[in-house]
Each structure stands twice: as structure tokens, then as C-alpha cells.
Amino acid sequence: MPLRRFFFLLLFLPACFTNKQNQGEKLYAEHCASCHGDQGQGLAQLIPPLAGADYLKEHRDYLPCLIRQGQTGPITVNGIQYNQVMPGHAELSPAKLTNLLNYIENHFGNHATPRTIAEVDEQLRACPQ
Amino acid sequence: MRLLPLLLLAASLLTACADDKPQRLPILGEREVVPRPDGGPADTIFATAPAFRLTNQHGQILTNKSFAGQAYITDFFFATCPGICPKMQGELLKVYQKYKQEPRLAFLSHTIDPDHDSLAVLREYSRRLGVADAQQWHFATTSKDTVFALAKAYFTAAMPDQEAPGGFAHNGTFALVDDQGHIRGLYDSLNKTEVERLLKELPILLAEMKERKP
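Taken in sequence, the protein lines are chains V and Z.
Using our numbering, you'd call the opening residue of the first sequence number 1 and step up by one each time.
Using our numbering, you'd call the opening residue of the second sequence number 1001 and step up by one each time.
So that you can see chain V by itself, here it is in the shape it has in the complex (with noise of 0.2 Å):
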């Protein structure tokens, strides 16, 4: 009997990792969508794009300290200047932002390799103040 029901535990486990995977597209809709729109594609030369993006490999280990304290000045992406505001999203623990890169840097077309939460606590502390 215990072998059963450990078996029916087994058939939950799956529909965990998934959730736990859905929250990196949560946050992105809820945070993030309404400018780097739905596809990543962002906005002429107005926001810049995260689908296929240089500046997402280009600068990995700056990007959680860049989601949480925001991001102003000329910036280049794929050659193209923006200088607009974005800004800070200081509430995201290190936990949501590595679920939240993770979502990024795999979608939209991008492939990069799964951030753990540790790495991402380490970038949060080297953080320019």
C-alpha cells in the first residue's frame, strides 16, 4: 500500500516543477510585459528587445542587480541606442529573479544555462550601491 501511494504522489510532482516554472512567465506578464511586450519584441527605438538579445549574454551577471535597481542612460542592444527609464523592480526576491531570468533567457528564441538561486544571491550582493 505505501508503494501506491508513493506512486500517486509521483503523478503530483510533475504539475509541481511545471508551476514552479510558470512563475518566470507570471512575473514577466505581470511585470515586465506591458514594455518589452509579449514576444520580448519591445518597442522601436523605444524599449529595447529581449528576444534575441546581445546585451542579455553580454552583460549575465549584471542582470538581476539591473532588474531590481532599474536602468537609465544610453544603452546599446543589437546596435541600437535607447535612452529611456526603466524602472526598478526592488520587491523581486532572488528567488522570483531567478525563475523570472531563467524564463527570459530561454524563451522568445534565447538559450543560455539555467541560473540557480544561489548564483543570482551571489550577483544581488555585487550590486553598485
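These are calculated hints, taken from the structure and not from any lab test.
Even glycine gets a Cβ: it sits at the ideal position worked out from N, Cα and C.
Hints are not guaranteed to be accurate.
Straight-line C-alpha distance at most 25 Å; calculated DMTMM-like pairs for lysine to aspartate or glutamate [unchecked claim]: (1) K1098(Z) with D1179(Z); (2) K1192(Z) with E25(V); (3) K1087(Z) with D38(V); (4) K1192(Z) with E30(V); (5) K26(V) with D61(V); (6) K1192(Z) with D38(V).
Now the stretches of chain Z that chain V is said to cover, found in silico as 3 or more residues with beta-carbon under 8 Å [as the list claims (entries may be wrong)]: (7) 1074 to 1084; (8) 1087 to 1100; (9) 1119 to 1132.
Position chain Z relative to chain V; hints supplied.
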């Protein structure tokens, strides 16, 4: 299966109706029924868009007359808006890209933050949106009081609000105004099906304008 012939009949009747009369968009807003002094049938006077005098990104004065012979789509935004504006202006950009060859349609985006959005800021914003040379899309400014009153007249909520992102609360309504100044449609730009409705209804209005002025 008795239903089928009935449905077919209904469908044919429906299409027959649609063929008969050209489709018309409603006229939105208050209407006033004015009795005629001679006792004839009363006239119905429809509300029109308010009178305005604005300055666009090129420093040109815009009044209602500037849109003679044109319909226009109007919205309310500000350049540093962290909330819904990028989405809203992105949707309007899609409509613009479809209609930029159409001289009978203009676009009028009002800034609700005139203190910050100088003509230079508006020019820069339009350049970055990719519509720099557009005579067809105006990014217009006026006093704060005026712009909030205008927003209300176009059925858009816009007001200063310390709690809202960027300091202003507003919604993303597009108002479609015809060549006679009547508001013919209101669309929530944040809702995909509403923007699709706008794209469906625009040709209906343009066809009506063509009948008026062939």
C-alpha cells in the same frame, strides 16, 4: 437536422440585410433633440469632439480645423510613462503602419505631462517610435488643465495621481473621431480584440467619408 435549413435561411436573411444598407458606426456621446420652431420633425444634434488648440512636436498649432476632411485616432500618453503607454503606443503604431499611406486618417497623441514633455522631448519620442517625419501623427501639448479636460471629452480617464506609476493615472482608450468631429468608436488599446475591432471599423468609417465627399 431540421435546424439546418432554418439556420441557412437565417444566414441568408442576415447577409441580405448586410448587403442592403452600408454598415455605419454609431455616434457616441450625448445627443440633444431640438424641436424645430416651425413644428417640423425635431433635429437631433450629436455631441462633437471639443474645440482645441494644441502645439505639435514640430511647433505647429493644431486646431479642429487642422483635421478638416480627416478622421483621427486620439490617445493620451506621456514620454516617461512606466505603465501602459508602451503597449498603447505600440498598438497605435501598428494601426499607423497599416494606414500611413491614407491621407484621410490622422493620429493625435496628447501628452498628459506637459511640464516634462517639451517639444524637443516629443520630437525625440516620435523619432524613437519611428514616425519622425510623419505629418500624419501629431504628438501634441497644451496646458495640464486643458489636456485633462480633453481626455474627459474623449472618454479617456487621465488625472494626476501620486500613487500611480509615473505620477499619472490614465487608461489606454483610443477614440476614433470622424471628419465631422463626431466620436465614432472607443477602443481599449490594452485589449487585443478591441484593437482588432478598430482595424475592422476603420474601413467602414472611411467608406462613409467617401460617400460624403466622393
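Hints versus structure:
no.	hint	in the structure
1	K1098(Z) with D1179(Z)	holds, 19 Å
2	K1192(Z) with E25(V)	holds, 19 Å
3	K1087(Z) with D38(V)	holds, 10 Å
4	K1192(Z) with E30(V)	holds, 17 Å
5	K26(V) with D61(V)	holds, 23 Å
6	K1192(Z) with D38(V)	holds, 11 Å
7	1074 to 1084	holds (count 4)
8	1087 to 1100	holds (count 4)
9	1119 to 1132	holds (count 5)
Of the hints listed earlier, there is not a single one the structure fails to meet.
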